[in-house]
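S.K.: Listed below are the residues making up each chain.
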Amino acid sequence: MEAMSGRHGAGTPAQQGAAALAGKYLTFTLGTEEYGLPVLKVREIIKVMDITQVPQVPEHVRGVINLRGKVIPVIDLRLKFGLPSQEATNRTCIIVVDVAMVAATVMLGVVVDSVSEVLSVAASEIDQAPEFGGRVVTDYMLGLAKVKGTVKILLNLDRVLGADREFVAH
Amino acid sequence: MTGATDWITRVDGLLSRLSCESLIEPVNVERLREQLLAAAAAIGESDDSGARCLADRVRQASPAVSPKNVDTIVKEVLSGWEALREGAPPPVVQAPDEDLAVLADDPEMLGVFMGEAIDHLGTIESLLLQVESAPGDVKLLNDVFRPFHTIKGNAGALGVTSVQGVAHKVENLLDLARSGKHAMGSDECDVVLKAVDLLTLMIQELPARIAGEPFTDVKAQCRGLIGAVDALIAGGGRAAATESQAPVVAALSEADGGSAPQRRRDESQSAVKVDTRKLDNLVDMVGELVIAQSILAEHPVLLGSRDERLSRQLAQLKRITSELQRNAMAMRMMPIRPTFQKMSRLVRDLGKKSGKSIELTLHGEDTELDRKVVEEINDPLMHMVRNSVDHGIEPADVRKAAGKPALAALRLRAFHQAGNIVIEISDDGAGLDTEKIYRKAVAKGLVPEGAPMTPEDINLLIFQPGFSTADTVTEISGRGVGMDVVRRNIEALRGRIEIQTVRGQGTTFAIRLPLTLAIVDGILVGVGDERFVIPAVAVNESLRPAPGQVHSVQGRPCMIQVREQLIPLMHLAEAFGVTGARQELGDSTVVVIEDNDRLIALVVDELLGKQEVVIKSLGDVFGHVRGVAGGAILADGRIGLILDVSGLAALMGKSTLKPAA
Amino acid sequence: MFGTWTLGRKLYAVTAVFTVLLIASGALSLWTAGDLQARLIESGRRSRQILEANEKAAGVTVGAQQKVFDEEMASAEASFALTWWTIVAGIALSLGTGGVVAFMVRGISGTLQASVHELRSGAEQVVSASGQMSATAQSLSQGSTEQAASLEETSASMEEMSSMTRKNAENAQQAAVLVTDVARQMTESNAALTEMVLSMAAMKDSNSKVAKIIQTIDEIAFQTNILALNAAVEAARAGEAGMGFAVVADEVRNLAQRSAQAAKDTAGLIEESIARSQEGADRVEQVAAAISTIAGSVEQVNGIVQEVREASQQQTQGIDQVTQAIAQMERVTQTTAATAEESAAASEELNAQAETAAAIVDQLEALVGVADMAAAPPAQANDRGRVLAMQHKPSAKPVSLPRSAEEEIPLGDTGTYGKF
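Chains as they are written, first to last, in the working numbering: chain A, 1 to 170; chain B, 1 to 661; chain C, 1 to 420.
Please keep in mind that the hints were generated in silico from the structure rather than gathered at the bench.
Just so we're clear, the structure is a prediction, and the values are computed from it rather than from any experiment.
Glycine included, every Cβ here is placed at the ideal spot set by N, Cα and C.
A portion of the hints provided could be inaccurate.
Stated by the list, open to error - Over the 10 Å line for every Cβ pair with chain C, so calculated as not near, a few chain A residues:
(1) Val39
(2) Val42
(3) Glu44
(4) Ser85
(5) Glu117
(6) Ser124
(7) Ala129
Said to hold, decoys possible - Pairs of lysine-lysine, BS3-like flavour, derived with a Cα cap of 25 Å:
(8) B:Lys352 <-> A:Lys70
(9) B:Lys616 <-> A:Lys70
(10) A:Lys70 <-> B:Lys353
(11) C:Lys67 <-> A:Lys47
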């Protein structure tokens, strides 16, 4: 809540914010919700594969995978957002993204239920994230996009995952 | 006087060498040493009769020696003598102004220039140490001159005038030397070495200067160096006299004397500079290839095939991939020679500083190891050499009292042993004072009073943080930092240190390192759905626990008895939160691993085999994870975690301490 | 009037008369006796023949009487011869020695009386024996006739039975043919069903394969989709330069999605088809099982029918044999009946002869006058007329035969005998 009011307090006009957010997003689903990731953050999309667990990490850190010889960490966005975990289906994908963490930009994988499309979002379609109150953390959101009658939550992954230098279990 | 000391050290080293090789009888060597010292004392006198007398003695003492070797020594003795008699007034030179605009505009060019220059300087340094032993070798001098010339040219072209200036000056000196107009004595070498150091520093700081960050002001040093060179050149008139003396001198450092020619041959081969990251990538990809090949080889369809040709081709593929991997690895391998040569420089400098005459012998400089290991081993090795010179080797008077030759022997040796690289540092010093170490450890509270410890355990205490037995803190060592860092660094390289010491006769530190950091020879174990790789080095044995072997505490199996020894059990599944592991201990397998003589019985589901794996870092985000050294891509393309044995031990310590606290 | 007279007196009286008459009658008797004798001998011979025949046919009781008869006949012949001579002597004597004769007659008539007496009892015995014989022959004839009739009936029944059995066998044969035909058809339809089941299974198999292919297509579509998304991401990262590429990626993605949709639809169809073919296969299998059961039953029926056929054949053979036996029995019975009739006829004739003989004996008695002289002459006159009549028609129906014989013989004439 404070973050929200702080952002409003900064006095950024909604129009300007929306203009800055306009662009291409890779959309994906988690349960019934649809999310969008700035496409420039996305490296690639891969099918879900066997994930090797790593000890002493938070629950939402599923482990590491072998991405063509590179070892990259994998995050389960469902668990990160407090949704119930779900067995991988044949639509489950891993989106490989660049996330600016404290120390450096890290390539990591994000497990999502399914990947939808690359969507151009115009400034007119973007709303600032409203204040939901309660436990919904709007800090992760860049905004809300209303495209083709559906609302897509535009995510700020740096905020979602970049908070820690390391994935330390609490 | 430092020149004299150097000379004496060198000649003494030669004598020891001859003695070692049974070319001269030890009694005679002792006598020769005494004469040598006497000769050294007479250096002040402008009379070379002492030296000549010494040379004669050498000839007489070694009738069995092949004349060539003796000649070498004699020449060394005489030329050293000659050189010592030269005086060197310090030269003064102004450092020119410079313009870094060109480099600032082109960071890539800067990188190339720096890389090349540093490489050249390294070459120069190692060559100079040879020049010191063979001052008249024109070929050697040419080899030293050329890189200097290149650096000068490049620096000039890029506008790094300060570097250009220094390089130019030294080039002048070397030019004189190679044309026989100036003899390369110890002083000259010193000056050139100093120039190398200075240039290295200047070049390494170039990015900082370009970025406008603070950097070392080397102007005074530049001036001093240029002055020194000028002075040497000015006094170089009598160099011609020595010119005819030294046509070709065999290298001293290698026992077989063949390394110098070898080195030259190497240089004659063409080489390509490759970015190390590219090299690492290549090795990674080759690792992938090897894994892909093994996946293919294990494929049930291919295994079931009876096609002769297919299996032949698969075998061929396997041969090629493993050869490729070996070659790729070899590309990252480099000889330990530069590191060792840095050590000779260090010993030379340390000896001068501490006033101890030390002869350093190097063995196996051509032993190759992973580039990364070579880089990483430098600091620990330096610490240990320093430690040996400072603590191990006694001052000359003490040595004399102990009946040892004043010239202390320090030996660096590198060799392969059972898939490892072993680097040994041996001195003939006092050896470790086990009693003193124990007392000190007790005093510092590192060990409880009266704790029963074996001498080996006590000796290992010197690797404890904050431990120093030196009574006086010297400039070189004794501040209580060093050995613990050494051990940490070496363990980070998955190596280990062993100590062998005999009181009064010397100490040998042996560093055991893996050939490469990229590959670890591991035991693959399965726990639940996960697989882990335990470095084979750390594995003592593995066994199926019999019911009588396991001892429970509070209903939980905690210890296992293996041949009268109780070893704490660690359930890997529990420690790492792996689900689906076998519940019955009787169905599991216990792998006994060792960390610093501490044993842990690791409980896993099953042993899956022995496998070489390419180590991959898990990345910084998992930096805090303990007990995991990295990841390895296994034959099925999945990642298996490589266990870090000391990390596991620490985890265990934490968990076992908890109930007590 | 003559009844009151003694034999002597009568004789005497008569002798006188008689002597006259005797001379006349002597001459007549001489002629008549010759004939009688011849006839008697003939009759005796005949009786003897009958008796022999009777004995041959029936083999019963005749032997003794025959013996007696023979003896009687012999004595009768002898007596006739004596009588002949007596008559001749009497005529001669009567002429010469009337008185003496009259006296002597007394003695002679005693002897004669005894002989006649004996003759009479012999004749009576012959009559009774021949009567008995006739009765026996008749009952024998009757029994044979009855037996023949029942044999006829049996034979007819057998005939009927044989024909029925034959028909039965024929039916069994026909049934066997039909059943075999059914069994063959069953086997054929079973084979057809098996083939059908196999092709159903093959259909199912290929359906599964198609389903797998569809799955692969779906997988490829999914991967293409990801690839297209990756391309879109790359294109987006490339900014302006990637615009064209983005369009291509989008198109590829559309194709991938359409392909996925098509795969999904096909997969649905295939699944349905799999379910249906499974259902069909199940049903066919049920039918096959039923047919298999039926085929088994048909096989059993076939076996039974075969057995019935064989049994019928054997039965027919048996019946034929029985019919043959009956025919033989019939033949034998007919022969027997014929013989019995002949025997009956012969014994009747014998009886008639015996009666005749008895009548002669009566006449003789009366002649002799042993017992009742007065009553005898009228009887003799009557008897003589009859004898004469009999002499004229010896094979004609004897009127004087007892009623029983008269009534019985026609029965045999009209019934049984006609058949032979």
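S.K.: With 10 Å as the threshold, tell me whether Ser85 of chain A passes as away from chain C on beta-carbon distances.
M.R.: Non-interface label stands for Ser85 of chain A: nearest chain C Cβ at 22 Å, farther than 10 Å.
S.K.: Grab the minimum beta-carbon distance between Glu117 of chain A and chain C and tell me whether it stays above 10 Å.
M.R.: violated, 7 Å
S.K.: Checking a non-interface call: every C-beta of chain C should be farther than 10 Å from the C-beta of Val42 of chain A. Is that right?
M.R.: Violated, since 5 Å does not exceed 10 Å.
S.K.: Would you mind confirming whether the straight-line C-alpha gap from Lys616 of chain B to Lys70 of chain A stays at or under 25 Å?
M.R.: Distance ~8 Å between Lys616 of chain B and Lys70 of chain A Cα, so the pair holds.
S.K.: Was Ser124 of chain A rightly flagged as not at the interface, with every chain C Cβ beyond 10 Å?
M.R.: holds, 20 Å
S.K.: Just double-check Val39 of chain A for me: nearest Cβ-Cβ distance to chain C has to come out over 10 Å.
M.R.: The claim breaks: Val39 of chain A does not keep its Cβ more than 10 Å from every Cβ of chain C (closest is about 4 Å).
S.K.: Sort out whether Lys70 of chain A lies within 25 Å of Lys352 of chain B, counting only the CA atoms.
M.R.: violated, 50 Å
S.K.: Can we trust that Ala129 of chain A is non-interface, i.e. its beta-carbon lies farther than 10 Å from all of chain C?
M.R.: Label holds. Min Cβ-Cβ 23 Å, cutoff 10 Å.
S.K.: Given the proposed pairing of Lys70 of chain A with Lys353 of chain B, does the C-alpha separation stay at or below 25 Å?
M.R.: violated, 49 Å
S.K.: Does the structure keep Lys67 of chain C and Lys47 of chain A at a Cα separation of 25 Å or less?
M.R.: Judged against 25 Å, a Cα distance of about 141 Å means the pair is violated.
S.K.: Any Cβ of chain C at or closer than 10 Å to Glu44 of chain A, or is the non-interface label fine?
M.R.: The claim is violated: Glu44 of chain A sits with its nearest Cβ about 5 Å from chain C, within 10 Å.
Checked against the numbered hints above, the structure violates hints 1, 2, 3, 5, 8, 10 and 11; every other hint is satisfied.
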